[in-house]
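Line order of the protein sequences matches chains L and W.
When we follow my numbering, the leftmost residue of the first sequence carries the number 1298, and every step to the right adds one.
When we follow my numbering, the leftmost residue of the second sequence carries the number 173, and every step to the right adds one.
The set of hints was computed from the structure by calculation and includes no laboratory data.
A quick note: this is a predicted structure, and the numbers were derived from the prediction, not measured.
There could be a bad hint or two in this list.
[What the hints assert, rightly or not] Over 10 Å on every C-beta distance to chain L, these chain W residues come out as not near it, computed from the model:
(1) G191
(2) G244
(3) R322
(4) K344
(5) L364
(6) A419
(7) R436
[To be verified] Taking lysine to aspartate or glutamate pairs in the DMTMM-like style, the calculated list, with each CA pair at most 20 Å apart, reads:
(8) K326(W) <-> E1345(L)
(9) K446(W) <-> E1395(L)
(10) K326(W) <-> D1399(L)
(11) K1353(L) <-> E423(W)
(12) K1326(L) <-> E423(W)
(13) K1371(L) <-> E229(W)
(14) K1320(L) <-> E1345(L)
(15) K473(W) <-> D292(W)
The C-beta atom is built at its ideal place from N, Cα and C for all residues, glycine as well.
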Amino acid sequence: MPAMQVSRYWRHFKEKYRLAGTKCKKCGKIHFPPRQVCNECGSREMEEIQLSGKGKVVSWTIVRNPPSGFEYYKPYPLALVELEEGPIVLAQLTDVSEDEIDFGMEVEMVTRRIREFSEDGIILYGYKFRPVLKTSKD
Amino acid sequence: MRKVAIIGVGAIPVGEHWGTSLRDMAVEALLNAMDDAGVDKVDSLYVGNMASGSFVEQENLGTLIADFAGLGHIPAVKIEAACASGGAAVQEGFKAVASGLDDIVAVVGVEKMTDAWPTDATRYLAYASDAEYELFNGASFVALNALVMRLYMKEFGATEEDFAHFAVNAHKNGANNPYAMFKKVIKVETALRSPYIADPLKLFDASSVCDGAAAVILAPLDKAKEFTDTPIEIAGIGRAVDTINLANRRELLRLRATIEASRRAYKMAGVEPKDIDVIEVHDAFTIMAAMALEDLGFVPKGQGAKVASEGQIAVDGDYPIQTMGGLKARGHPVGATGVYQTVEAVWQLRIDAGKNQVPDPEIALTQNIGGTGSNITVNILRRV
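From just these sequences and the hints, can you work out the full model?
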């Protein structure tokens, strides 16, 4: 699976490296991924919003027969995560064992390697979610 | 708008056709349908196909198939709506006849999937997801459906065993269909013993990679009797989209596109769910069959898997689905599936479905899903 032009990947850095979404200036709906037109009210007036990256697991699966490009990483957990701000995001879970995952599990976004192409090819990074790290204060 | 009838159907058996190319599969199915209708030329051709560019590095299928079927300089295009390409192509053919632009229109659905490596096939299918945000993160359609299935099981208390009954029903009916990929009866235990491919979704909850081609010939209803004694009217069509990204749905357990598409089709046909005698749902995954029964209006939300485990989906049950094996046993050659469903609905309405004949049906419905419920066609056929 050859990589494409690097521009294909860097144009999405804002969404994939720091979870930037859009917020509708008319109705306040928050979208991820970003949209030009609000899918709630139809407005075209959007502003960028930085999402917190905090959320809860809505559903999850373990991918055992992945699409090509991901064979090396199998099996891996994939989840729908509902962010504090409202939008649901599809992402891999990381730093977690299968039997720890549950409905409502609190997770936070981290930047991780998604996959590599060839030995001297580009490396794709993006967001994954891990269980919220508890500090001694918690 | 003119009324439209199906005057001929044809198909090749679904399977792993290592010795046959995409063009030869499509031409064979098309010629079978033309022979069934008794026509040797058509005014236009619509090809339902999802991903020939990825699977066999061939696009421009309208030209390819018209050329090799010897159809001359007719208008011919490919129609793509992910796994709903076949159902959408039937609808485009319908429009051509209904509008008065063409009289005799051919629709062929074709997909050649087995030339690709299995993991590549999984990738090519996932190009129909929101690839930049779903496939990019390692999602396949199996995984996306598994996310829905787990949530459904939690919300409605459905079990893996409930879902297994869809696979059992499909295989039971597929066993009597000479065009089915899997002609083997299975037990609930067989399905439950199969390995997880994306927990809680198991191998027997999913349709498999395969090859196939099916075709129908359309004509104005008022001319249909010139060609056949048993024309089948396309009484209603409906199509609708939803968010391409599963995560963006307003409700994760409701296929809004099924609700909208079926509402349009029921309205055009002037019928209600209770009038439907044969239901061909898009059971690419057992969870989709359960949700189809609900969102098409046959059973209340949350009851879809339950009616399967109670046996109500059998050929002689209240909700006969997968009557010729469904996507699970007949097979799911993606872009061809919607046309196979149409062919099978015609067999049922012609009283030509053999051992799987639904008793004296008048009206059949086909539901064809593209993406994770993101592009859905519903067609309603009626005996005349």
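The hints, checked one at a time:
1. G191: The assertion about G191(W) holds, with a minimum of 25 Å to chain L.
2. G244: holds, 39 Å
3. R322: For R322(W), whose nearest Cβ neighbour in chain L is about 5 Å away, the distance does not exceed 10 Å, so it is violated.
4. K344: holds, 26 Å
5. L364: holds, 17 Å
6. A419: violated, 4 Å
7. R436: holds, 21 Å
8. K326(W) <-> E1345(L): violated, 35 Å
9. K446(W) <-> E1395(L): It is violated: about 44 Å lies between the C-alpha atoms, which goes past 20 Å.
10. K326(W) <-> D1399(L): Status holds; Cα separation ~11 Å.
11. K1353(L) <-> E423(W): holds, 17 Å
12. K1326(L) <-> E423(W): Status holds; Cα separation ~15 Å.
13. K1371(L) <-> E229(W): violated, 28 Å
14. K1320(L) <-> E1345(L): holds, 6 Å
15. K473(W) <-> D292(W): At roughly 35 Å apart (the allowed maximum being 20 Å), D292(W) and K473(W) break the hint.
Of the numbered hints listed earlier, those contradicted by the structure are 3, 6, 8, 9, 13, 15.
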